[in-house]
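Q: All the letters of the sequence shown, read from the start, carry residue numbers -9 to 295 under the numbering used here.
Don't read these hints as lab results, they were simulated from the structure. Hints are not guaranteed to be accurate.
Derived pair list, reagent style DSS-like, types lysine-lysine, alpha-carbon separation capped at 27 Å [claimed, not checked]:
#1 Lys292 with Lys76
#2 Lys76 with Lys57
#3 Lys(-4) with Lys193
#4 Lys124 with Lys193
#5 Lys76 with Lys(-4)
#6 Lys177 with Lys193
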Amino acid sequence: MGWTPKYLIQNGAMIPWAEGRLHPHSMAVTYAATVFEGIRAYRHPTTGAYAIFRLDEHLARIAQGVKIMRFENPPTLDVMRAGILKLIPANDPDDDVYIRLQVLIDGPGHQGTRGPTGWTAVAIPRERSAGFNKGLSVGFSSWTRLSDNSSPPRVKAVANYHAGRLVTMQAQADGYDTALILNSQGKVSEAPGACLFIVRDGKLLTPNLNSDILESVTRDTVIAFAREMGLRVHEVPVDRTELYVADEVFLCGTGQELVPVTQVDRLQVGGGQPGPVTMRLQARYEALVRGTSDDHPEWRTKVEG
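Generate the whole structure from the sequences, applying the supplied hints.
A: Shown next as structure tokens:
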């Protein structure tokens, strides 16, 4: 992946990459009044055509975030959808595309200011996780996960990701690839930017939505096709030590995709290698997002041009 972005969208206008502007006294800067989505467009290996994976679900989620954040007069989903579909061919990529869509308050104000509401979209290259094939080493963080009554994790708000940044920097200092976070009840929530699954005794377990996790589009995707593959999936509260005795562990998210975990708190997971169930699910996910499988065509939005 080495292509260079040429254009971005700011408040509906397609402008050269270098001309993107945001006032330093805007609410988006001074109070992190921004919600966002990370969205991927995949290139078909044979035809070279692009399709955006689960675009409408990402747009629906950003609308929920805008509602909870009480932004006034946001752009319509149709406007943002049309902009994204034009942005990809305008940048003339030669590999997969990562789209960062943001809705933000782009004027000055105070903590109660609700507008004016603007939006931006950028299309950039993004490499795969270094652990995609070999697996990740993770440790539990001493930081506690945000809760619905403080800074709701179901909102993909920029402000929420400061907590994930603290977790990530601690993980790096401790020698891990990334970290897992416990919620205020001591149950496992997720990793910074990724949801968690474990395989144990032939079952697939994942923290439920009340475990202070993001309502992840990728998690929903994995649950759906795992059940289609005949796996029993349980959305339940998960204890830390369940990962110690799990047969397999993996993370998933739009950015991470589906990545095995081979070590937790320096304890080997299973045989210490990416497990067979994880690799089957990873291959299935790859086929679905890239369009080499004909299943779930409703999840792929074709990009023209």
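Q: Can the restraint linking Lys76 and Lys57 be considered satisfied, given a maximum Cα separation of 27 Å?
A: Cα-Cα ~26 Å, so holds.
Q: Can the restraint linking Lys(-4) and Lys193 be considered satisfied, given a maximum Cα separation of 27 Å?
A: 46 Å, violated
Q: Would you check the hint for Lys177 and Lys193, treating anything up to 27 Å between C-alpha atoms as holding?
A: 19 Å, holds
Q: Does the structure keep Lys292 and Lys76 at a Cα separation of 27 Å or less?
A: This hinted pair holds, its Cα atoms lying about 11 Å apart.
Q: Does the structure keep Lys76 and Lys(-4) at a Cα separation of 27 Å or less?
A: 13 Å, holds
Q: Below or equal to 27 Å on CA atoms is what counts here, so check Lys124 against Lys193.
A: 22 Å, holds
Checked against the numbered hints listed earlier, the structure breaks hint 3 alone; every other hint is satisfied.
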